[in-house]
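K.L.:
Now for the letters of each chain:
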Amino acid sequence: MGEDKLISLSPIERKVLPFLGLGSTEKIVEASKLDETTVRRALQFLENKKLIITKKITKEFIDLDVNGILYKKNFLPERKLINLLIDKKLSLEEARKNSGLSENEFQVALGVLKKKGFIAVENNEILPKKEKEELIKKFPEEKLLEKLPAPVEELSKDEKKILQELKKRKKIIVVNKKSEIFVEPTEECKEIAKKLENFKQELLEQLTPELIKSGGWKNKKFRAYDVTTKVPEIFGGKRHFYLKFLEKIKQELVALGFEEVKGPMVEACFWNCDALFMPQDHPARSIHDLYFVEGKTEIKNFKFFKQIKQTHEDGWKTGSDGWRYKFSEEESSKLVLRSQGTAISARILASKPKIPGKYFAIARCFRPDVTDASHLPEFNQLEGIIISKETNFSELLGLLKLLAEKFAGTNKIKLVPTYFPFTEPSVELQVFFESKWLEIGGAGIFRPEVTLPLGIKEKVLAWGLGIDRLFMVKNNIKDIRDLFSQDIEFLRKR
Amino acid sequence: MPTIEISKKDLENLCGKKFSLEKLKELLEFVKTSIESIEEDKITLKIEDTNRADLLSVEGIARELKAITGKEKGLVNYEIIKSNFVVKVDKKVKKVRPYTACAVVKDLCFNHTIIEQIIQLQEKLSETFGRKRKDAAIGIYDFDKIKWPITYTTFKPDSISFVPLGFVEKLTLKEIIEKHEKGKLYGHLLEKAKEYPIFIDANNEVLSMPPIINSEYSGKITTETRNVFIEVSGFRLEKLLHVLNIVVSALAERKGKIYAVEIHDTKKFFTPIFATRRKVLKLEDINSLLGLELNPKQVIKLLQKMRYNAKEKKGKIIAEIPFYREDVIHNVDIIEDIAIAYGYKNFKPRKPQIFTEGKLLEESEKKQEIKELLIGLGFQEINSFIMSNKKEQFENMNSKPESFVKIKNPVSETFTCLRKSLLPSLLKFFSNNTTKEMPQKIFEIAPVVEPNERKETKTEEKNKIAVAITHARANFTEILQVLDYIMNNLKKQYQLEKKEFPWFIAGRSAEILVEKKSIGFLGEIAPQVLENWNLKMPIAAFELCFDDLL
Chain A
0 MGEDKLISLS
10 PIERKVLPFL
20 GLGSTEKIVE
30 ASKLDETTVR
40 RALQFLENKK
50 LIITKKITKE
60 FIDLDVNGIL
70 YKKNFLPERK
80 LINLLIDKKL
90 SLEEARKNSG
100 LSENEFQVAL
110 GVLKKKGFIA
120 VENNEILPKK
130 EKEELIKKFP
140 EEKLLEKLPA
150 PVEELSKDEK
160 KILQELKKRK
170 KIIVVNKKSE
180 IFVEPTEECK
190 EIAKKLENFK
200 QELLEQLTPE
210 LIKSGGWKNK
220 KFRAYDVTTK
230 VPEIFGGKRH
240 FYLKFLEKIK
250 QELVALGFEE
260 VKGPMVEACF
270 WNCDALFMPQ
280 DHPARSIHDL
290 YFVEGKTEIK
300 NFKFFKQIKQ
310 THEDGWKTGS
320 DGWRYKFSEE
330 ESSKLVLRSQ
340 GTAISARILA
350 SKPKIPGKYF
360 AIARCFRPDV
370 TDASHLPEFN
380 QLEGIIISKE
390 TNFSELLGLL
400 KLLAEKFAGT
410 NKIKLVPTYF
420 PFTEPSVELQ
430 VFFESKWLEI
440 GGAGIFRPEV
450 TLPLGIKEKV
460 LAWGLGIDRL
470 FMVKNNIKDI
480 RDLFSQDIEF
490 LRKR
Chain B
0 MPTIEISKKD
10 LENLCGKKFS
20 LEKLKELLEF
30 VKTSIESIEE
40 DKITLKIEDT
50 NRADLLSVEG
60 IARELKAITG
70 KEKGLVNYEI
80 IKSNFVVKVD
90 KKVKKVRPYT
100 ACAVVKDLCF
110 NHTIIEQIIQ
120 LQEKLSETFG
130 RKRKDAAIGI
140 YDFDKIKWPI
150 TYTTFKPDSI
160 SFVPLGFVEK
170 LTLKEIIEKH
180 EKGKLYGHLL
190 EKAKEYPIFI
200 DANNEVLSMP
210 PIINSEYSGK
220 ITTETRNVFI
230 EVSGFRLEKL
240 LHVLNIVVSA
250 LAERKGKIYA
260 VEIHDTKKFF
270 TPIFATRRKV
280 LKLEDINSLL
290 GLELNPKQVI
300 KLLQKMRYNA
310 KEKKGKIIAE
320 IPFYREDVIH
330 NVDIIEDIAI
340 AYGYKNFKPR
350 KPQIFTEGKL
360 LEESEKKQEI
370 KELLIGLGFQ
380 EINSFIMSNK
390 KEQFENMNSK
400 PESFVKIKNP
410 VSETFTCLRK
420 SLLPSLLKFF
430 SNNTTKEMPQ
440 KIFEIAPVVE
450 PNERKETKTE
460 EKNKIAVAIT
470 HARANFTEIL
480 QVLDYIMNNL
490 KKQYQLEKKE
500 FPWFIAGRSA
510 EILVEKKSIG
520 FLGEIAPQVL
530 ENWNLKMPIA
540 AFELCFDDLL
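Chains A and B, in that order, give the protein sequences.
Read in order, the letters of the first sequence are residues 0 to 493 in numbering that gives the first Met the number 0.
Read in order, the letters of the second sequence are residues 0 to 549 in numbering that gives the first Met the number 0.
You may find that some hints are simply not true.
[Unchecked claim] List time: in silico DSS-like cross-link candidates among lysine-lysine, alpha-carbon distance up to 25 Å:
| # | chain 1 | residue 1 | chain 2 | residue 2 |
| --- | --- | --- | --- | --- |
| 1 | A | K14 | A | K49 |
| 2 | B | K278 | A | K456 |
| 3 | B | K133 | A | K325 |
| 4 | A | K71 | A | K142 |
| 5 | B | K181 | B | K123 |
| 6 | A | K413 | B | K24 |
| 7 | A | K413 | B | K45 |
| 8 | A | K295 | B | K457 |
| 9 | B | K358 | A | K247 |
| 10 | B | K457 | A | K247 |
| 11 | B | K350 | A | K247 |
| 12 | B | K350 | A | K413 |
| 13 | B | K24 | A | K435 |
| 14 | B | K344 | A | K411 |
| 15 | B | K45 | B | K94 |
| 16 | B | K278 | A | K316 |
| 17 | A | K219 | A | K193 |
| 18 | B | K405 | A | K299 |
| 19 | A | K261 | B | K366 |
| 20 | B | K435 | A | K477 |
| 21 | B | K350 | A | K400 |
| 22 | A | K243 | B | K405 |
| 23 | B | K435 | A | K243 |
Rather than coming from a laboratory, the hints here were simulated on the basis of the structure.
All chains should be built: construct the whole structure from the sequences, respecting the hints.
P.N.:
Written out as structure tokens, the structure is:
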């Protein structure tokens, strides 16, 4: 018995083994001449092997605080004051000036000295009350400061009293809690320790190239490891958990035949709103719903400007009545931070897309929301379109069903009528998740007021998913801010 | 999205039918409305369709539900009775609030619920369609206190006074703007006016000062009120007529009798006007948009369910649109109503048939390649905000704020501009992790935005790569090894040229050049910058323009 454990002892364990009887870690550190971390690790290993029992005892240590350190070096305020008063009296004014003490220190020093009966204050004068020999003797306070740091338990009753007084003063004393580990070796351990003394056989530690070359390992044993020992954590490089998800979504959409596109984040109202037939006085265009950026764009140069303006005013050739107002170029040329991914779809329609064609974008969008667990002023939208003469609303519903299966992993869905300024008919996608219906996306067929002015005669199915929300629901993330987490540990473990 | 509060019982009374909550939810989907909260009998409804003013009242919702449940069908028919009530419009109002449209509704029976609903409708309408009373403000008055004819005119701010609603003493118009709660709230709408608009009756009793406040005398509705006068004032007659129709038709659902009012403006005309419009639809357009095979009879039935009248003529469908449906401006709006009436759940969803070839953006492919390399080197990817602020972008970096993309209406101090550089995002990240396990190695590949007058949007977006290392011995060599590894793997020749940057230690930073073009910088972060960010460990970092690597 004990042989296996004996072989498995690491060099550091073997080094501390003779000193375990000393009890406290501190003493073991001193006696073994190892550093504290090493000793602690060795003790941890020994405990794992059930060779020692450890007890953690927390002690209060008294130490000097900032002012304490200063006073120990440069004297206590009361000493500075009394030094001025040896064999002479001084006015309060002079004493204050000559002592070089702060007002607070001066008052404290006066108080302390009065209490000790060393001085008296009469008619704005300080009078020494004791002889020189008495005055130059070390104060008990000074003696205590010299003794520090020390554990509370080692202080005498009187010293503890002084300690209480000093504690009341500003930053002289600080009480630190220090925990120390006390060790008690088991019987087995003591036996092993005895054996160790007689254990002449040399155990091999690290196998080295030299050992292999020399054959020095032959007829020798390797020290056995404790294979159950916990090792310090390491961290590898890692993709951001959410960005990785977005990439997976991209791959899946590519597999469905969609082509990835992008568009600018600083966008003209023209593209963010007008091209999407949002009326110019629509409430969602106010400063509460859009971030405006300084500067404006020269809208009149836009190829589609005229027909979009006219579509708003009287419907142009789209078969629409239009909004029947005067279109404001000023409004249209304002710059905003893109508030909806659909702005990218409008740009795609305007840039001679392939027909039939399928496009998608993951768009960073911005809305002036106050940040909380469910709102961020920056968020991501997944946005896609299908352009085709042959397609229709039934196909849009089919697509939404497919997207719900792929991205939300469910076929329990609801398709509900809704409203968007740029689609008709419009539909909302809801999925059943954890006993609730959740809106995860919207879709529709672009209005002719959107497509025709941009030169598209075919039908355009448009859909968007709130992927931030979708991801959160699927991964049980309650706080949207976690998607932008600033905590490296969180990211390392995600 | 507007919300309205209704009483379920009231809705059921109006519909003449009781509903289970489940049934009600289902029915409300037909009018794009959902239940936001329920508190006993009180239900808060969220109206999705911001273009449908008719749905802002329980009466309007009931009107639609009656047809959806089959109790009624097709157009509603409210009678407008002729009368001699006259509102004279003084030329003077053309300068301040040029138009009004009016009506009288009699034989009403108000209770508290109904009054609440009417006030709610009035408020919601003037908030949303009236654009916070600017474009349309609504006044409702006790008809029996009015001596006809009424004049819509203007008065100088000090020349007349009346007791505003909720007050006991008379105030001049000027005092109302200054002292009354509504005056403070809406006074800015009359900011530029030299005289203020006033409705006044033949006894010289002031009815109201639109769009601010009614008078206490006649502008108050109680359970005693039986007959009301309604006016809407604003800038576009077309809009006012629409808003008036919404209010009047809601009262018509309460069994009120509608009387026309003759407006003596530059021309004489009667209001309200309940004019329906017609649109002609081709059956094939309906079926091809929806992917259905409906016949004309089915289409007509579906339209009647949505309160349209419809008939077939020479293979086409002629739809007569309810007068309150101003939102219908194109045939597709009608086709959507057909689809809703058909029921979205009755469609047979079909996967899109067309074949297309999918592909990623070139930049997405390249990003993945570089990310893989960095992860191989043990770097953690981070995701940060594109919005930033001057302090983080410039002050903390020891650099002067040059041109950058500024947000005009920031909500918080954290987000006041767009970031111009990615490096601050990484330093910010480190500053939030000073107590965490070292070393820390992080990167981000993401866009920054710079002003650029030559671009259409006056800005230019660039994708950047930023890489940073922090630990007790982080240095130039270590970060340069990372750059070297990336560039070698991308088979990109590059040079480093000595250059100083305010955020790097002088003499320990360089510019990264590819084909003599500067694409980024690399170095050890200056201690002052570390201090600015409250960082405790050395950092070495580089940032380069990803787009230049494509």
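K.L.:
Could you run down the list of hints and mark each one as holding or not?
P.N.:
Hint-by-hint comparison with the structure:
For the hint pairing K14/A with K49/A, the CA-to-CA distance comes to about 17 Å; that is within 25 Å, so the pair holds. As the CA atoms of K278/B and K456/A are separated by approximately 21 Å, the hinted pair is consistent with the 25 Å bound. Of the pairs offered as hints, the one joining K133/B and K325/A holds, with about 17 Å between alpha carbons and a cut-off of 25 Å not exceeded. Proposed proximity of K71/A and K142/A is supported: the alpha carbons are some 10 Å apart, at most 25 Å.
Note on K181/B and K123/B: the hinted pairing holds, with a Cα-Cα distance of about 16 Å set against a maximum of 25 Å. For the hint linking K413/A to K24/B, the alpha-carbon distance of about 13 Å falls within 25 Å, and the restraint holds. Restraint check for K413/A and K45/B: the C-alpha separation of about 18 Å stays at or below 25 Å, so the hint holds. Between K295/A and K457/B the CA atoms are separated by roughly 7 Å; this keeps the pair inside 25 Å, and the hint holds.
A hinted pair counts as satisfied when its Cα atoms are at most 25 Å apart, and K358/B with K247/A qualifies at roughly 13 Å. Between K457/B and K247/A, the direct Cα distance comes to roughly 33 Å. Violation of the 25 Å bound is thereby established for this hinted pair. In summary, the hint linking K350/B to K247/A is supported, as the alpha carbons are separated by about 21 Å, within the 25 Å threshold. A threshold of 25 Å between alpha carbons decides the hint, and for K350/B with K413/A the separation of about 16 Å falls inside it, so the pair holds.
Our distance criterion of 25 Å between C-alpha atoms is met by K24/B and K435/A, whose separation comes to about 14 Å. Taking the CA atoms of K344/B and K411/A, the gap is about 12 Å. The hint holds against a cut of 25 Å. Restraint check for K45/B and K94/B: not satisfied, since their Cα atoms lie roughly 38 Å apart, outside the 25 Å limit. Taking the CA atoms of K278/B and K316/A, the gap is near 16 Å; set against the 25 Å cutoff, the hint holds.
Pair hint K219/A plus K193/A holds up; C-alpha atoms about 22 Å apart against a cutoff of 25 Å. Note on K405/B and K299/A: the hinted pairing holds, with a Cα-Cα distance of about 24 Å set against a maximum of 25 Å. Between K261/A and K366/B, the direct Cα distance comes to roughly 15 Å. Compliance with the 25 Å bound is thereby established for this hinted pair. At roughly 23 Å between alpha-carbon atoms, K435/B and K477/A fall within 25 Å of each other, so this suggested pair holds.
Distance restraint check for K350/B and K400/A: the Cα-Cα separation of roughly 9 Å lies within the 25 Å cut-off, and the hinted pair is therefore satisfied. Taken as a hint, the K243/A and K405/B pair is broken in the structure, with Cα atoms around 30 Å apart against an allowance of 25 Å. Using a Cα cut-off of 25 Å, the hinted pair K435/B and K243/A holds, with the two alpha carbons roughly 24 Å apart.
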